[in-house]
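Chemist: Spelled out, the chains give:
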Amino acid sequence: MTYGAFTGTLRHMVAVQDPLLSQMRRGTLQYCVLALLAKEERYGFDLVRGLAEVDGMVTSEGTIYPLLSRLRRDGLVESSWQESTAGPPRRYYRLTDAGRTALEGFRLEWRRFRDAVDHFVERSARS
Amino acid sequence: MRPTTERLVDDYLKQLDSELADLSRLRRQEIVEEISQHIAEALAASPSPDEVEVRTLLERLGDPAEIAGEARERFGVQPRKSRVLEIATLLLLLVGGVVLPVIGWLIGVVLLWVSDAWDSRDKLIGTLVVPGGLLLPLALLTIVTSAGGGCSTPVPTTGAPEAAACGSGSGGINVLGLIAMTLLLIVPLVTTAYLARRLRRSAPPAL
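Respectively, the protein sequence lines represent chains L and H. Read in the working numbering, the first sequence has 50 at position 49, and its numbers run on one by one without any break. Read in the working numbering, the second sequence has 878 at position 180, and its numbers run on one by one without any break.
Isolated chain L (complex conformation):
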């Protein structure tokens, strides 16, 4: 029971928290997807597992697919079907030029934002 309560608290810390924080995670998630596709094209399963591997990024793997669909509609990624050595063809996602530009823009903004937040939050932790 103590163990259950512990993992419950842990899950609570990671998943629920503040709705604003979960909005922030949702907002940055799409750039993490773009970043994962920046080096190479990937198929859905591979991409999702790549994101889920890092703790605290995704709680439900299935929610990545609506995001991929939206990114595709916005022209930030494009997809094509490719034969797979095992099983049916896979839909591979790759970054478009617009996607690359969006990622670059975010990278600059993110650095500024992260440093600015750290300036206050980290300093308050030290004092």
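Calculated from the structure, these hints are not laboratory results. Glycine included, C-beta positions come from ideal geometry on N, C-alpha and C.
Computed footprint of chain L on chain H; a stretch qualifies when at least three of its residues, placed anywhere within it, have a C-beta under 8 Å from a C-beta of chain L:
1) 726-734
2) 761-774
Quick list of the computed label-pair ranges, beta carbon to beta carbon:
3) H:771 <-> L:102: 20 to 30 Å
4) L:60 <-> H:774: 17 to 27 Å
5) L:83 <-> H:745: 16 to 26 Å
6) H:777 <-> L:54: 24 to 34 Å
7) L:60 <-> H:777: 19 to 29 Å
8) L:118 <-> H:827: 52 to 62 Å
9) L:115 <-> H:777: 30 to 40 Å
10) H:749 <-> L:40: 34 to 44 Å
11) L:56 <-> H:746: 25 to 35 Å
12) H:818 <-> L:83: 47 to 57 Å
13) H:799 <-> L:60: 54 to 64 Å
14) L:76 <-> H:763: 22 to 32 Å
15) H:818 <-> L:61: 41 to 51 Å
Given the coordinates of chain L, work out where chain H should sit on it, guided by the hints.
Modeler: For chain H alone, kept in the frame of chain L given last:
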């Protein structure tokens, strides 16, 4: 895969498909297809996936309702509300007055004005065009056919004089009456169609 695991996956995908009902058909198809592919990829890695494995996989994917909620949010689609009350309102406005004279229509008007699915202009149109819905034209039709029954039913065998007298006496009025009657019948139907269209548009469009 063994049947139980197959059924688990099928049920999951079916539930996902129905949860995604608010999205366009293409979008919905794409998401279900990709998640179905995801499941196939994950299970292909295991030589013979058992029930626990499949359940864990589906749990990792997440509740279909959660995935659909994410999809609605990403595409800016509002969850579709049940339109039962609005449809009942339209039916009452149109034929409520016929089924339950006057009162049925009045209930329809009250429902129309308390609903938030239409704006004030729509509500005015719904109330004033035409009060009573089909009650007025149907009542008039009943009166006309029962009063002028001799004229409206042609009696070919009883000779010309009666038919001629009837035709010449009120022919002009009959044509005008017929047009008015047709309009009275059509206009409430047009109003109903208009309000139904406004109902479908009242959900905010996808971004």
